[in-house]
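Asks: For the record, the sequence lines run as chains A and B. Position 138 (the first sequence) corresponds to 138 in the working numbering; numbering is contiguous. Position 141 (the second sequence) corresponds to 662 in the working numbering; numbering is contiguous.
Note that these hints are calculated values from the structure, not bench results. Quick reminder that beta carbons are idealized off the backbone N, C-alpha and C, glycines included. Don't take each hint at face value.
[What the hints assert, rightly or not] Distance windows between CB atoms, simulated: (1) A/E96 <-> B/E654: 15 to 23 Å; (2) A/E145 <-> B/A594: 21 to 29 Å; (3) B/R528 <-> A/N98: 30 to 38 Å; (4) B/E649 <-> A/E145: 13 to 21 Å.
[To be verified] Simulated pairs of lysine to aspartate or glutamate, EDC-like, Cα-Cα distance not exceeding 20 Å: (5) B/K566 <-> A/E145; (6) B/K566 <-> A/D122; (7) B/K658 <-> A/E79; (8) A/K100 <-> A/E66; (9) B/K653 <-> A/D122; (10) B/K658 <-> A/E96; (11) B/K647 <-> A/D122.
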Amino acid sequence: MFDAILAKLRIASRRGGQPDRVSILLPFLLIAVGLGVLAWRSYNLSVRAETGSKTLARQYAGYAAEITSSRVDAAVRAELTRVSEEWQQLERRLGEPNFKELSEWIAQHDWIVTAIYVPDYDPASSIYAAEHAPHSRNDLRLTREFYTPTGTIRYTYDPQRLLTQPTVLSAIRQNPISPSAHPSKGLGIEQQAKIAFVRGQAEGLSTLEDGFAAVSQLAPPVDTFGVRAVVLMEYIGGTGWQNQRLLSLLVSLLALVLLGIGALLAWRGMRKEAETMKLRGALIANVSHELRTPLSMIRLGAETLKRAKLKEKERLDIEDQILREVLLLSHLVENVLDVARIQNQSTRALAFTPVHPRDLIRNLLTTYESWIRSKGFTCSVQIDDTIGEQMWDRDSVSRALLNLIDNAIKYSADDRAIDVVLRQNDDYVIIEVKDHGIGISSSDLAKIFDPYYRAQFSDTITRRGAGLGLTLVQQILESHGGKVEVESAAGSGSTFRLLFPRDLGGEAAGIPALGAPREAF
Amino acid sequence: MTRTITRIFIAAWVAGAVLAYADEQRCNGSARDCEQQIRQFLGGKRFLGATIRDRNPGLVVTALTPGGPASRAGLRVGDRLITCNNRTLTSATPRDFKQLMADARESGKLRMIVWRRGRYELVDAKLEPYTKEQIEKIITAHLSQSHTSSAGAQR
Chain A
1 MFDAILAKLR IASRRGGQPD RVSILLPFLL IAVGLGVLAW RSYNLSVRAE TGSKTLARQY
61 AGYAAEITSS RVDAAVRAEL TRVSEEWQQL ERRLGEPNFK ELSEWIAQHD WIVTAIYVPD
121 YDPASSIYAA EHAPHSRNDL RLTREFYTPT GTIRYTYDPQ RLLTQPTVLS AIRQNPISPS
181 AHPSKGLGIE QQAKIAFVRG QAEGLSTLED GFAAVSQLAP PVDTFGVRAV VLMEYIGGTG
241 WQNQRLLSLL VSLLALVLLG IGALLAWRGM RKEAETMKLR GALIANVSHE LRTPLSMIRL
301 GAETLKRAKL KEKERLDIED QILREVLLLS HLVENVLDVA RIQNQSTRAL AFTPVHPRDL
361 IRNLLTTYES WIRSKGFTCS VQIDDTIGEQ MWDRDSVSRA LLNLIDNAIK YSADDRAIDV
421 VLRQNDDYVI IEVKDHGIGI SSSDLAKIFD PYYRAQFSDT ITRRGAGLGL TLVQQILESH
481 GGKVEVESAA GSGSTFRLLF PRDLGGEAAG IPALGAPREA F
Chain B
522 MTRTITRIFI AAWVAGAVLA YADEQRCNGS ARDCEQQIRQ FLGGKRFLGA TIRDRNPGLV
582 VTALTPGGPA SRAGLRVGDR LITCNNRTLT SATPRDFKQL MADARESGKL RMIVWRRGRY
642 ELVDAKLEPY TKEQIEKIIT AHLSQSHTSS AGAQR
């Protein structure tokens, strides 16, 4: 699958290659959808994990507050009982309690503020004591009574100070839920709930910025107070590269980017295809025009030959004309066929044979002499006689040269002269075709080798041609291992140079076939 | 001689002042605060004027305040408490009885059945607030014990 995608990419990126297909979008779409699903799943998972740990933290906070508040309640009850037990022991030991004992008893329990002891028998001998040095002047004071065998003790105390007694504090410092064997990191919550007393807060659960807090009210007598448990939570998805949400975001971004690339390629392909279709439409119009003109000429000639009684000279002229038009027609058909082959990337074996360039040029010019002359052109030939035989495909080189001459004739100005030069330098055998025509503007120069492209002139339609000639020339030269050079400026004529590598002792065996895999040769 | 007497006097005065200061530190609310709190504590009908001991099981009256609500209602020393306000007290502790008294603080009514010399007696006692004299006595005792130096000045 990967190879196929690569191949498609290569095709898509090649300029002027096979038209791209919209189907290039498909693999990108598949990968993007896959990545999207992956990202969605990862995101979902992280959300679910977070929800789970949130629920856990909420429950944990609730349990911690409840358990701790019941523990504190028990501790407070125990403390109250302990106080009364201590007093009763004191009373039993002493018989008649007096002010000193009561003061000492208060001093022992620093949360008791004042106390009054009323004996049953003689209330007049009651004693009253206040604490030695009050720690604070808290507005909240609670009163409590307990009965001893001989009397009644009524005391006021500071509940806040009662809650800071060591026995009560030890209840609050205990971790209400024993840490589990599993590390807490996997849950994302802190195993240790932070517990503190609060005053005048409604019971219930509240959500903090980074965790949960639960408040549980204490039982009477300290019911104005509550226990608040805070369980902190950190984001479970981890940080940095371990962050699942970041990761899923990145993956979905990647999917978007891939989809974008695919869409871009497909769009380019569609545009190119549309362009090619347009050009192809133009070609059909051109070619049908091209075919009709010589055909009508041939028909006209043939009809004339058949009907009229002609002189020998006239007959020969007409025969010449027919032959010329047939040659043109076959040339055109050959061109179209070759380009079709190029388009289909099909192989066509070239026959490389020893060819003498001089003979090739002479033969060609002789064959088409009458045609060139009929257009009113003169052709001057300049040949370097030192050039020996070359391993060329005779037909295709002839066709390339003919295409260049054809172009020179088509795009000519008033000066109807064509120079054909055969020369060589150190590396190349060069065939040069020079005209004095209208030239090629620099903006067109880059495109003239594209298939179906025709330079835009005011009279492009009236000029013959299918826009395939130069494409074919380039393909042929490439198949010979050479290249085409153009030198031109608008209004000053053009020079096309065919550069063939010099045959240095029969190395033609390495020359590739026309626009096709090299081994096809 | 006079110098010695003067020295002793001064020493006694200093010691007294220190002691008085220390005494005053025992209860460091002002005398008026203490007085208010004592009055608040002793308010409400809660004076019966009887000492009740646990005879295990059961409760027995062991002492009566002369002229108190209990003696006026006809309770006698040696009475065994059977019920009080529809609660059986045959196996109760003094604490339970005091809880009953505290419960009856509003109405002040205690309807008791006691066992006296082989027969049951109905006793309707009424709880009373502590008398003014009693409260004054408690306040005075407290002030004299822990507000010695400033007691006279403050009153």
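Asks: Now look at each hint and say whether the structure bears it out.
Replies: Okay, the hints, checked on the actual structure:
1. At about 21 Å, the beta-carbon gap between A/E96 and B/E654 stays in the expected band of 15 to 23 Å.
2. Range check, A/E145 to B/A594: about 24 Å between beta-carbon atoms, so the 21 to 29 Å window is met.
3. Remark: the range hint 30 to 38 Å for B/R528 to A/N98 is upheld by a beta-carbon distance near 34 Å.
4. At roughly 18 Å, the beta-carbon separation of B/E649 and A/E145 lies within the given 13 to 21 Å, and the hint holds.
5. The straight-line distance between the Cα atoms of B/K566 and A/E145 is roughly 15 Å, inside the 20 Å bound, and the hint therefore holds.
6. As the CA atoms of B/K566 and A/D122 are separated by approximately 15 Å, the hinted pair is consistent with the 20 Å bound.
7. Note on B/K658 and A/E79: the hinted pairing is violated, with a Cα-Cα distance of about 32 Å set against a maximum of 20 Å.
8. Between A/K100 and A/E66 the CA atoms are separated by roughly 41 Å; this puts the pair beyond 20 Å, and the hint is violated.
9. A distance of roughly 14 Å separates the Cα atoms of B/K653 and A/D122; the hinted pair therefore holds under the 20 Å criterion.
10. Pair hint B/K658 plus A/E96 holds up; C-alpha atoms about 17 Å apart against a cutoff of 20 Å.
11. Straight-line distance between C-alpha atoms of B/K647 and A/D122 comes to about 17 Å, which keeps the hinted pair within the 20 Å bound.
In this structure, the earlier hints numbered 7 and 8 are contradicted, and the remaining ones agree with it.
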